[in-house]
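Chains as they are written, first to last, in our numbering: chain A, 2 to 282; chain B, 6 to 256.
It is worth saying that the hints were derived from the structure and are not from the lab. Each residue gets a CB set at the ideal place from its N, CA and C atoms; glycine is no exception. Check the hints yourself; a few may be wrong.
To be verified - Chain A side only, calculated, beta carbon under 7 Å to chain B, not exhaustive:
#, residue
1, Leu-113
2, Val-151
3, Met-155
To be verified - Quick partial rundown of chain B residues pointing at chain A, CB under 7 Å, derived from the structure:
#, residue
4, His-14
5, Leu-20
6, Pro-87
7, Val-89
8, Leu-167
9, Ala-168
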Amino acid sequence: MQLKDNKHIGIGFRKDFSEELLASDILKPAFIELAPENWIGMGGYWKKQLDKAAEKYPITCHGLSLSIGSPDDLDLDFLHKIKKFIKQYNVQIYSEHLSYAKCDNAHLYDLLPIPFRKDAVKHIISRIKQVQDVLEMPLAIENVSYYTPVAAEMDEATFISEIVNGSGCNLLLDVNNVYVNSFNHKYNAKEFITKLPLDKVAYIHMAGHEQISDTVIIDTHGEAIIDPVFDLFEYTTVLLKPVPVLLERDFNIPELEELQGEITRMETIVSKTWKKEHAIA
Amino acid sequence: MPLLKEDTHAQQSKLAEYCKTGVKPDLIGVIQENLHHYRRLVFNIGIDTIETAYPITYRFLPDEIWDKLVYDFYAEHKCKTPQVWRMPMEFYEYCVEKDIQAKLGYRFLNDLLYFEWLEMEVHTMDDIAYPPIKTEGDWLNNILALNPEHKLVKFTYPVHMLAATELEGKAGDYFLLMYREKESGRVQCMDISILYAYILEQLQNGATLQEILTEADTLFQINNFEMLKEHALNFVNDLKQREFILGFLNT
Ligand SMILES: [Fe+2]
Numbered sequence: 002m003q004l005k006d007n008k009h010i011g012i013g014f015r016k017d018f019s020e021e022l023l024a025s026d027i028l029k030p031a032f033i034e035l036a037p038e039n040w041i042g043m044g045g046y047w048k049k050q051l052d053k054a055a056e057k058y059p060i061t062c063h064g065l066s067l068s069i070g071s072p073d074d075l076d077l078d079f080l081h082k083i084k085k086f087i088k089q090y091n092v093q094i095y096s097e098h099l100s101y102a103k104c105d106n107a108h109l110y111d112l113l114p115i116p117f118r119k120d121a122v123k124h125i126i127s128r129i130k131q132v133q134d135v136l137e138m139p140l141a142i143e144n145v146s147y148y149t150p151v152a153a154e155m156d157e158a159t160f161i162s163e164i165v166n167g168s169g170c171n172l173l174l175d176v177n178n179v180y181v182n183s184f185n186h187k188y189n190a191k192e193f194i195t196k197l198p199l200d201k202v203a204y205i206h207m208a209g210h211e212q213i214s215d216t217v218i219i220d221t222h223g224e225a226i227i228d229p230v231f232d233l234f235e236y237t238t239v240l241l242k243p244v245p246v247l248l249e250r251d252f253n254i255p256e257l258e259e260l261q262g263e264i265t266r267m268e269t270i271v272s273k274t275w276k277k278e279h280a281i282a
Numbered sequence: 006m007p008l009l010k011e012d013t014h015a016q017q018s019k020l021a022e023y024c025k026t027g028v029k030p031d032l033i034g035v036i037q038e039n040l041h042h043y044r045r046l047v048f049n050i051g052i053d054t055i056e057t058a059y060p061i062t063y064r065f066l067p068d069e070i071w072d073k074l075v076y077d078f079y080a081e082h083k084c085k086t087p088q089v090w091r092m093p094m095e096f097y098e099y100c101v102e103k104d105i106q107a108k109l110g111y112r113f114l115n116d117l118l119y120f121e122w123l124e125m126e127v128h129t130m131d132d133i134a135y136p137p138i139k140t141e142g143d144w145l146n147n148i149l150a151l152n153p154e155h156k157l158v159k160f161t162y163p164v165h166m167l168a169a170t171e172l173e174g175k176a177g178d179y180f181l182l183m184y185r186e187k188e189s190g191r192v193q194c195m196d197i198s199i200l201y202a203y204i205l206e207q208l209q210n211g212a213t214l215q216e217i218l219t220e221a222d223t224l225f226q227i228n229n230f231e232m233l234k235e236h237a238l239n240f241v242n243d244l245k246q247r248e249f250i251l252g253f254l255n256t
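Based on the sequences and whatever the hints tell you, model everything.
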């Protein structure tokens with residue numbers, strides 16, 4: 002993927018700050034990410050904003066409603082709309098959540114945890130293959146935050162790995178989600194990361210979260226990234242080849258200078274770990 | 006044979022159903038005290054989306070009635086659109102289908118909801134190609150080119166003119182022209198009379214003003230073509246100033 006100014010860190014394109022992003026250079030993302038669901042079929046003012054953004058930055062897409070883990074059939078109509086959008090905006094990475102957002106023909110617009118089970122693995126592998134066939138490009142699936150397992154028969158790392166390896170898809174590694182889950186489910190985050198198919202990581206997400214009790218963190222995308230997540234990020238980058246990294250900030254948007262501070266901090270980290278690899282290559 | 010076992014499907018269905026209704030499910034191997042976060046997160050997204058789309062209705066209806074309405078919608082309705090910003094349209098359709106306005110005794114509710122949805126619809130709807138135009142022509146005998154990004158709707162209550170608290174007892178025939186300005190993308194509203202609504206509708210269909218007014222003169226029993234023409238030309242001129250009428254169709 003061609004990134005702007007040879008940098009690595011992008012930002013989620015949000016309507017709340019789109020005007021400021023486009024009118025100024027306070028934020029210097031290497032690319033922007035958007036949810037195709039929020040833009041497909043939209044005209045008028047927002048379409049103009051999107052087209053301006055597409056002129057200024059490369060775009061990645063991060064879907065919300067494909068519902069790859071759903072028991073329902075895939076919505077092929079919708080998938081074709083996504084394909085058209087991806088082509089129109091020359092999108093190089095399309096990712097989706099390893100969760101389900103639709104069940105028994107009802108959309109819920111949130112990410113529900115899939116039972117970590119063998120039959121679910123097989124079911125999802127076949128769906129990912131179907132998606133990749135239609136899109137004629139690889140899908141990157143994201144490890145999601147979850148607050149309870151449901152009817153699990155294997156651990157999360159095994160579940161993710163079997164799906165990625167069995168389907169040939171890529172992995173979007175959300176470092177914050179690993180941190181959140183390691184806290185909520187009391188496991189070692191670094192160990193968890195080493196169990197994943199790291200050679201398949203094509204994209205990284207970083208975000209803030211909110212700890213709401215002694216035992217629960219909610220993945221809000223509404224706070225600044227905390228130091229332990231930066232540490233886990235640095236640890237992760239050492240294990241990976243260079244890939245695009247996204248700062249996700251959906252709510253409680255601060256001044257853009259503050260977001261740029263987070264971008265710069267991540268850029269500094271990867272310039273240390275990934276420069277070396279470039280030198281070797 | 007489906008790859009997903011019935012039992013796994015059932016677990017997924019139960020969790021999803023819980024998010025819709027809030028009725029605690031019997032699920033295998035869950036952290037009971039964390040389950041409620043899913044209901045809360047799903048429901049909050051729904052409430053926020055609907056309240057943002059219908060701010061007037063939300064403020065007008067008493068809290069307990071609004072809360073029950075949103076609760077029932079989420080529990081009973083299966084949202085079909087994969088695009089959450091289009092979901093409020095399903096809320097409107099649900100209210101019409103369940104005849105909520107009759108149940109609540111607010112007979113203007115459907116109109117009010119539709120008016121609020123329409124503003125969003127016109128603001129966000131897909132771009133429509135503008136027709137080819139020429140600036141020189143004859144107002145009466147050439148076909149006029151309209152901004153294609155518009156909706157012309159009829160209401161029984163003047164929801165676009167009066168506060169929700171003043172609508173009771175105001176039933177009648179009301180027409181609203183809503184359109185999107187090309188450059189700014191702003192939505193403009195115009196209350197128009199039944200005669201002007203008729204003229205606009207015929208202009209949309211490609212009739213010339215001369216043809217429309219000849220017809221309207223008898224249809225509305227005006228029987229004064231010159232006066233009608235003067236009024237209509239003023240109306241058309243006003244729409245030209247507002248950049249709703251673009252000029253003359255270049256065929
Ligand atoms: Fe993420």
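Against the structure, the hints:
1. Leu-113: At 6 Å from the nearest chain B Cβ, Leu-113 of chain A passes the 7 Å test, so the hint holds.
2. Val-151: At about 6 Å, which falls below the 7 Å cut-off, the nearest Cβ of chain B leaves the hint on Val-151 of chain A intact, so it holds.
3. Met-155: violated (12 Å)
4. His-14: Cβ of His-14 of chain B sits 4 Å from chain A, so the hint holds.
5. Leu-20: holds (6 Å)
6. Pro-87: holds (4 Å)
7. Val-89: For Val-89 of chain B, the interface hint holds, since the closest Cβ of chain A sits about 5 Å away, which is under 7 Å.
8. Leu-167: Since chain A brings no Cβ nearer than about 27 Å to Leu-167 of chain B, farther than 7 Å, the hint is violated.
9. Ala-168: violated (27 Å)
Hint check: violations occur at hints 3, 8, 9; the rest are consistent with the structure.
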